[in-house]
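Build out the structure end to end from the sequences listed, making use of the hints.
Converting from the sequence shown to my numbering requires adding 404 to each position, the first position being numbered 1.
Treat the hints with care, as some may be off.
Said to hold, decoys possible - Once the Cα atoms are required to be at most 27 Å apart in a straight line, the calculated DSS-like pairs of lysine-lysine come out as: (1) LYS853 <-> LYS434; (2) LYS441 <-> LYS612; (3) LYS758 <-> LYS575; (4) LYS590 <-> LYS545; (5) LYS658 <-> LYS460; (6) LYS434 <-> LYS460; (7) LYS590 <-> LYS625; (8) LYS575 <-> LYS612; (9) LYS590 <-> LYS575.
These are computed hints drawn from the structure, not numbers from a lab.
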Amino acid sequence: MSGLIPQRFVEDLLDRVDLAELVGSRITLKKAGANYKACCPFHDEKTPSFNVRPDKGFYHCFGCGAHGDAISFIREFEGLGFTDAVEELARRAGLEVPYDQAAKQEIQQARTLTDALDFASRFYHSALHGPQGNFARDYLKQRGLDISIIQQYQVGYAPTAGTALFDAASKDLQGPLIETGTVSDKYGRPRDLFRNRVMFPIRNSRGKTIAFGGRTLGDDKAKYINSPESDVFHKSREIYGLFEAKQALKQLDKLLVVEGYMDVIALAQHGIHFAVATLGTATNQDSLTALLRQVRHIVFCFDGDQAGFRAADRAMDNALELMADGLHLQFLMLPEGEDPDTLIRKEGAEAFQKRIEGATPFSRYLFDRQSEGLDLQLPENRGELRARAEPLLNKMPRSTLRDAMWHEMLRLCGGRNQWQGRKPQQWGNWKGERRDRVTEERIDVKLSKDSILCLALLEAPDLASEVTELASGSRQYNQAKAFAKFILEREIRYRKSLITALALDSQAREEFYNLFDGIEHIPSRESTLTAARELLNPNEEAARQQKLATLLRNFANLTAEERQELRELSGGTPENST
405 MSGLIPQRFV
415 EDLLDRVDLA
425 ELVGSRITLK
435 KAGANYKACC
445 PFHDEKTPSF
455 NVRPDKGFYH
465 CFGCGAHGDA
475 ISFIREFEGL
485 GFTDAVEELA
495 RRAGLEVPYD
505 QAAKQEIQQA
515 RTLTDALDFA
525 SRFYHSALHG
535 PQGNFARDYL
545 KQRGLDISII
555 QQYQVGYAPT
565 AGTALFDAAS
575 KDLQGPLIET
585 GTVSDKYGRP
595 RDLFRNRVMF
605 PIRNSRGKTI
615 AFGGRTLGDD
625 KAKYINSPES
635 DVFHKSREIY
645 GLFEAKQALK
655 QLDKLLVVEG
665 YMDVIALAQH
675 GIHFAVATLG
685 TATNQDSLTA
695 LLRQVRHIVF
705 CFDGDQAGFR
715 AADRAMDNAL
725 ELMADGLHLQ
735 FLMLPEGEDP
745 DTLIRKEGAE
755 AFQKRIEGAT
765 PFSRYLFDRQ
775 SEGLDLQLPE
785 NRGELRARAE
795 PLLNKMPRST
805 LRDAMWHEML
815 RLCGGRNQWQ
825 GRKPQQWGNW
835 KGERRDRVTE
845 ERIDVKLSKD
855 SILCLALLEA
865 PDLASEVTEL
875 ASGSRQYNQA
885 KAFAKFILER
895 EIRYRKSLIT
905 ALALDSQARE
915 EFYNLFDGIE
925 HIPSRESTLT
935 AARELLNPNE
945 EAARQQKLAT
955 LLRNFANLTA
965 EERQELRELS
975 GGTPENST
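Here it is as structure tokens:
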């Protein structure tokens with residue numbers, strides 16, 4: 405559709421739009437000379453690195469690299485396509501987009517269909533609150549839904565009568581209802597597709613109804629049915645609950661992908677507003693692409709039975725070709741026999757949120773699944789793991805993530821040198837000796853600041869006071885703050901003492917059991933402490949690095965005192981202190 409909008413109009417529209425006013429209507433901007441600055445809306449940061457240049461008509465983030473004009477900003481911030489973004493800007497500027505005649509007819513047709521579906525949504529919602537909706541209201545009450553959440557998601561009821569919707573529609577809407585399949589004329593007379601069902605409207609990014617899902621209240625063979633595909637509804641590309649999530653949250657940082665309408669609504673009722681559901685039996689590449697247009701962090705949530713694992717495997721397989729640096733995919737497998745709806749009502753929102761935070765990273769899930777049933781002590785099974793994993797990694801685009809996962813596969817499978825480097829007389833002793841641990845290659849990965857501080861506390865508990873001081877003024881260090889508080893309360897100063905306390909204290913085990921689950925590779929001790937010092941004392945860390953470099957340059961001539969200073973500068977708290 406973008407090619408049907410004259411380029412001259414787009415350029416004129418961009419000239420008319422005040423970029424600072426547009427961006428400022430969505431995030432808080434601060435004047436910085438002729439420009440404006442803010443914390444970037446497209447990634448999490450504490451120090452503003454997002455710059456708006458109204459005179460040049462573009463924005464740029466020095467943190468994540470986000471860059472573009474007014475159209476780009478609307479597309480990224482609102483999750484809109486090019487045409488919708490142009491229409492939004494044109495509306496703000498009081499202009500009409502000059503589509504050619506064919507495009508106008510296509511757009512008008514789509515609006516006619518969504519107008520008819522919006523009417524159907526209002527009809528179903530009204531029927532739920534009428535006398536004929538008594539049984540449906542009792543069912544929703546039994547499922548734990550309150551009035552406000554029913555209103556938010558516009559849940560409705562399709563009456564039992566075969567033509568209730570068709571009879572209620574005006575003549576100009578009856579044709580579009582038939583065209584979208586909401587009313588069927590298969591046998592030469594109109595008949596409503598949905599009858600005696602709880603109705604879930606599916607809305608697009610603009611809030612327009614494009615289809616429905618219906619849950620039977622009777623003994624129909626099909627428990628759930630969806631609208632057929634139409635000019636405005638393409639099942640593989642639509643996401644249920646996305647519009648509602650964006651209405652509830654100012655900024656979407658991640659999405660929790662679940663399997664059903666009721667799962668989405670139940671989670672929202674308990675305060676988890678970033679849950680959505682794909683439509684159909686599997687998360688395919690179209691739906692993944694639609695999800696990744698909204699966020700860079702996705703958590704897939706599936707039942708813990710065999711069907712759930714198969715669905716998770718399909719999602720993983722479809723994600724392989726899309727995996728690039730900066731994407732963060734995780735898998736949350738629920739206890740067998742539970743789904744999000746039942747589990748959050750059973751254990752509460754806080755416990756469910758902890759499950760989300762402890763979800764398995766994409767790379768770990770892949771290797772865990774491919775190594776199932778294999779004893780990696782055996783060379784044959786290590787070869788089997790490589791045979792399973794290598795074709796999957798080859799599907800991924802070239803990236804740091806793929807390289808890191810390739811290294812992980814080689815580590816798990818072991819190196820050939822372990823066998824080839826042995827002298828002939830040593831082969832006879834191989835059977836009875838203890839196999840040396842496969843050497844793990846260190847891989848540099850970018851961790852969150854919160855994770856860096858937690859790892860630093862594990863290595864050097866005496867940093868707890870400094871971490872507490874830093875975390876008290878920010879919400880991005882919640883885990884580190886809790887970990888530091890635990891260390892200070894128990895007056896722990898050394899690593900060994902901390903490990904012992906975490907192992908023996910049942911309360912600590914429960915609170916910090918999943919503390920490092922989201923970390924795929926642990927950096928070296930020195931790297932961890934250096935990164936932590938940069939967060940805690942950026943100026944002091946620069947001085948420390950300079951002093952360290954000076955001592956290393958004169959290493960051969962150092963005195964005993966200088967050698968001790970070098971050890972302290974490079975290592976922090978001794979590892980084996982008790």
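Hints versus structure:
no.: 1; hint: LYS853 <-> LYS434; in the structure: 25 Å, holds
no.: 2; hint: LYS441 <-> LYS612; in the structure: 34 Å, violated
no.: 3; hint: LYS758 <-> LYS575; in the structure: 52 Å, violated
no.: 4; hint: LYS590 <-> LYS545; in the structure: 35 Å, violated
no.: 5; hint: LYS658 <-> LYS460; in the structure: 32 Å, violated
no.: 6; hint: LYS434 <-> LYS460; in the structure: 17 Å, holds
no.: 7; hint: LYS590 <-> LYS625; in the structure: 20 Å, holds
no.: 8; hint: LYS575 <-> LYS612; in the structure: 21 Å, holds
no.: 9; hint: LYS590 <-> LYS575; in the structure: 19 Å, holds
Comparing the model with each earlier hint shows violations of hints 2, 3, 4 and 5; every other hint is respected.
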